[in-house]
Amino acid sequence: MTGACEQAVDHELLRSALAGDARVRRQLVERLVPTVRARVLHALLRYKSHEQAAQVTEDLTQQVFLLLFEDGGRRLRAWTPGRGASLATFVGLVSEREVIAILRRGRRNPWTESPTDHDELVGRVGAGEDQASLVERRELLDAVLDKALATLDERGLLLFRRIIVDEAPVATVAGEMATSIAALYMWKSRFAKLVREIAERLARDSAPMPTARPVSLLLPNIARTR
Amino acid sequence: MSDALHDESLTKALAEHSRARTAEQHAIESRLGDGAPVSRVDAIAAALEAQAERESSARAASPTKRAPRPRVAWLAVAALPLAAAAAIVLVAREKARTHTEEIGAAEYAVAVSGHVDTLRAGGDDSFASLQARPDAIQQIVLRPRHRSNAVLAAKVLVVRDGVGVPVDVATEISDAGVVRFDIAGALLIGASEVRVAIAPPALLAEVAARAANEARPTTTIRDVVVVRVPIE
Numbered sequence: 004m005t006g007a008c009e010q011a012v013d014h015e016l017l018r019s020a021l022a023g024d025a026r027v028r029r030q031l032v033e034r035l036v037p038t039v040r041a042r043v044l045h046a047l048l049r050y051k052s053h054e055q056a057a058q059v060t061e062d063l064t065q066q067v068f069l070l071l072f073e074d075g076g077r078r079l080r081a082w083t084p085g086r087g088a089s090l091a092t093f094v095g096l097v098s099e100r101e102v103i104a105i106l107r108r109g110r111r112n113p114w115t116e117s118p119t120d121h122d123e124l125v126g127r128v129g130a131g132e133d134q135a136s137l138v139e140r141r142e143l144l145d146a147v148l149d150k151a152l153a154t155l156d157e158r159g160l161l162l163f164r165r166i167i168v169d170e171a172p173v174a175t176v177a178g179e180m181a182t183s184i185a186a187l188y189m190w191k192s193r194f195a196k197l198v199r200e201i202a203e204r205l206a207r208d209s210a211p212m213p214t215a216r217p218v219s220l221l222l223p224n225i226a227r228t229r
Numbered sequence: 719m720s721d722a723l724h725d726e727s728l729t730k731a732l733a734e735h736s737r738a739r740t741a742e743q744h745a746i747e748s749r750l751g752d753g754a755p756v757s758r759v760d761a762i763a764a765a766l767e768a769q770a771e772r773e774s775s776a777r778a779a780s781p782t783k784r785a786p787r788p789r790v791a792w793l794a795v796a797a798l799p800l801a802a803a804a805a806i807v808l809v810a811r812e813k814a815r816t817h818t819e820e821i822g823a824a825e826y827a828v829a830v831s832g833h834v835d836t837l838r839a840g841g842d843d844s845f846a847s848l849q850a851r852p853d854a855i856q857q858i859v860l861r862p863r864h865r866s867n868a869v870l871a872a873k874v875l876v877v878r879d880g881v882g883v884p885v886d887v888a889t890e891i892s893d894a895g896v897v898r899f900d901i902a903g904a905l906l907i908g909a910s911e912v913r914v915a916i917a918p919p920a921l922l923a924e925v926a927a928r929a930a931n932e933a934r935p936t937t938t939i940r941d942v943v944v945v946r947v948p949i950e
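Protein chains in written order, with the numbering used here: chain A, 4 to 229; chain B, 719 to 950.
Since the hints were made in silico from the structure, they are not lab data. Check before you lean on any hint, since a few could be wrong.
As the list claims (entries may be wrong) - No farther apart than 25 Å at their CA atoms in a straight line, the calculated lysine to aspartate or glutamate pairs in the DMTMM-like style are these:
{"hint": "1", "chain 1": "A", "residue 1": "Lys150", "chain 2": "A", "residue 2": "Asp169"}
{"hint": "2", "chain 1": "A", "residue 1": "Lys191", "chain 2": "B", "residue 2": "Glu734"}
{"hint": "3", "chain 1": "A", "residue 1": "Lys150", "chain 2": "A", "residue 2": "Glu200"}
{"hint": "4", "chain 1": "A", "residue 1": "Lys196", "chain 2": "B", "residue 2": "Asp853"}
{"hint": "5", "chain 1": "B", "residue 1": "Lys730", "chain 2": "A", "residue 2": "Asp208"}
{"hint": "6", "chain 1": "B", "residue 1": "Lys730", "chain 2": "A", "residue 2": "Asp156"}
{"hint": "7", "chain 1": "A", "residue 1": "Lys191", "chain 2": "B", "residue 2": "Glu890"}
{"hint": "8", "chain 1": "A", "residue 1": "Lys191", "chain 2": "B", "residue 2": "Asp853"}
{"hint": "9", "chain 1": "A", "residue 1": "Lys191", "chain 2": "A", "residue 2": "Glu142"}
{"hint": "10", "chain 1": "B", "residue 1": "Lys730", "chain 2": "A", "residue 2": "Glu139"}
{"hint": "11", "chain 1": "A", "residue 1": "Lys196", "chain 2": "A", "residue 2": "Glu139"}
{"hint": "12", "chain 1": "B", "residue 1": "Lys730", "chain 2": "A", "residue 2": "Asp169"}
{"hint": "13", "chain 1": "A", "residue 1": "Lys196", "chain 2": "B", "residue 2": "Glu734"}
{"hint": "14", "chain 1": "A", "residue 1": "Lys150", "chain 2": "A", "residue 2": "Glu139"}
{"hint": "15", "chain 1": "A", "residue 1": "Lys196", "chain 2": "A", "residue 2": "Glu157"}
{"hint": "16", "chain 1": "A", "residue 1": "Lys191", "chain 2": "A", "residue 2": "Asp156"}
{"hint": "17", "chain 1": "A", "residue 1": "Lys150", "chain 2": "A", "residue 2": "Asp208"}
{"hint": "18", "chain 1": "B", "residue 1": "Lys730", "chain 2": "A", "residue 2": "Glu157"}
To be verified - To give an idea of the chain A side of the interface with chain B (calculated C-beta under 8 Å), a few residues:
{"hint": "19", "residue": "Leu44"}
{"hint": "20", "residue": "Glu61"}
{"hint": "21", "residue": "Glu73"}
{"hint": "22", "residue": "Val168"}
{"hint": "23", "residue": "Ala185"}
{"hint": "24", "residue": "Ala195"}
The C-beta atom is built at its ideal place from N, Cα and C for all residues, glycine as well.
Model the full assembly from the supplied sequences, consistent with the hints where possible.
Set out below in structure tokens:
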């Protein structure tokens, strides 16, 4: 099936599922479960050991599905075929944002109460370089990315994916999203400002910790002042 | 090094990190395989079914949704007031329009920032009006007085000689109904005001079309508003 054809089928499936067709809704769940589970497991592995993550993945996957279909499927309704992302890609983006939000919500979060074993954490980064520095840099980028994603609405997530991650030409994305090139440049500028502010905030927050490395050493050019 | 390059390097680092994250997610997805246990899919489908029923019940119980009345009762209760209302509307039409417009405007608080050139360091001051400066990008934030539970969309129009023309600016709307967008000062040259039509997506095209010619909501339906932002 071609991409356009697949998206048309997905659109019809989504429309029927959100209109209340229980059979189609189940079909859609079956189709999207692998995508959502992978996002959930990936996010959990940042906080828990593999064994611990596996134990809660299914429950958290269900919780993400409930959020996706909440309020008459408000989040899912933001997807339209032909806007540079398949339904699975879009659901992956939204699921990632939602699972991050769940994991960060509240200080006594049942999903993150046990810390990841240090050896396992280091093992994920690999050997050869200054491992502590790599781990810290990765954690910082994770934190900036998580906070940035949390602020984006569904359209913003698509723009992030297409313009920033895929590095698609702005003119192409403007055509996909039925908007102007100027509007997208403004969005891009605002996004750059947003991530800079997040990075600066993280730099300020990490400053009082005597053992923490300055953010500027880990991510050069981030922790400047205006 | 310029500010733009600082931002560029951070954005590129994030893009690279995001691509790496996506690759890891795809690797996990491949490892997990396509199929999920039927029992898990069934459990999720059942939970979604229950959620849909709860939402449906909540909508039915909502005070905005009234139970259907018997036909005779409806005539007795509604026909007389309707007839009276129609007569009053004919007499007080203009007054009612003005009043509706004021209600619409009062529903939202307007905050405009970026009156100065964005390349310079600006303060945090916000204003209730826009400036037609070709070198400025201004951000408009419309905050509703009351949280809206409806799904909303917005369309921006620039008014010249009394006629609003839709402009293609990206708007963001939060769950609470806060509308935010940036607009280039160059778009405002020669214009008198900006109108922002806010309505549920199904009504937006109609509301925006009406707002192009008249600065008031087309209906008094809840969540349908046209907010006016003057240009200095």
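Hints, one by one, checked against the model:
1. Lys150/A to Asp169/A: Given that 25 Å is the threshold and the Cα spacing comes to 20 Å, the pair holds.
2. Lys191/A to Glu734/B: holds, 16 Å
3. Lys150/A to Glu200/A: Given pair Lys150/A, Glu200/A holds - Cα atoms ~11 Å apart, limit 25 Å.
4. Lys196/A to Asp853/B: holds, 18 Å
5. Lys730/B to Asp208/A: At roughly 23 Å apart (the allowed maximum being 25 Å), Asp208/A and Lys730/B satisfy the hint.
6. Lys730/B to Asp156/A: Judged against 25 Å, a Cα distance of about 21 Å means the pair holds.
7. Lys191/A to Glu890/B: Between Lys191/A and Glu890/B the Cα gap is close to 14 Å, so the pair holds against 25 Å.
8. Lys191/A to Asp853/B: holds, 18 Å
9. Lys191/A to Glu142/A: holds, 24 Å
10. Lys730/B to Glu139/A: This hinted pair holds, its Cα atoms lying about 18 Å apart.
11. Lys196/A to Glu139/A: Measuring from Cα to Cα gives roughly 23 Å; hence the hint holds.
12. Lys730/B to Asp169/A: holds, 11 Å
13. Lys196/A to Glu734/B: This hinted pair holds, its Cα atoms lying about 18 Å apart.
14. Lys150/A to Glu139/A: holds, 16 Å
15. Lys196/A to Glu157/A: holds, 19 Å
16. Lys191/A to Asp156/A: The hint holds at about 14 Å.
17. Lys150/A to Asp208/A: Distance ~14 Å between Lys150/A and Asp208/A Cα, so the pair holds.
18. Lys730/B to Glu157/A: holds, 21 Å
19. Leu44: Result: holds, 5 Å to nearest chain B Cβ.
20. Glu61: Given a least distance of 6 Å, the restraint on Glu61/A holds.
21. Glu73: Since the shortest Cβ distance to chain B is 7 Å, the answer is holds.
22. Val168: holds, 5 Å
23. Ala185: holds, 7 Å
24. Ala195: This hint holds: Ala195/A lies near chain B, its Cβ roughly 4 Å from the closest one there, short of 8 Å.
Of the numbered hints stated above, none is contradicted by the structure.
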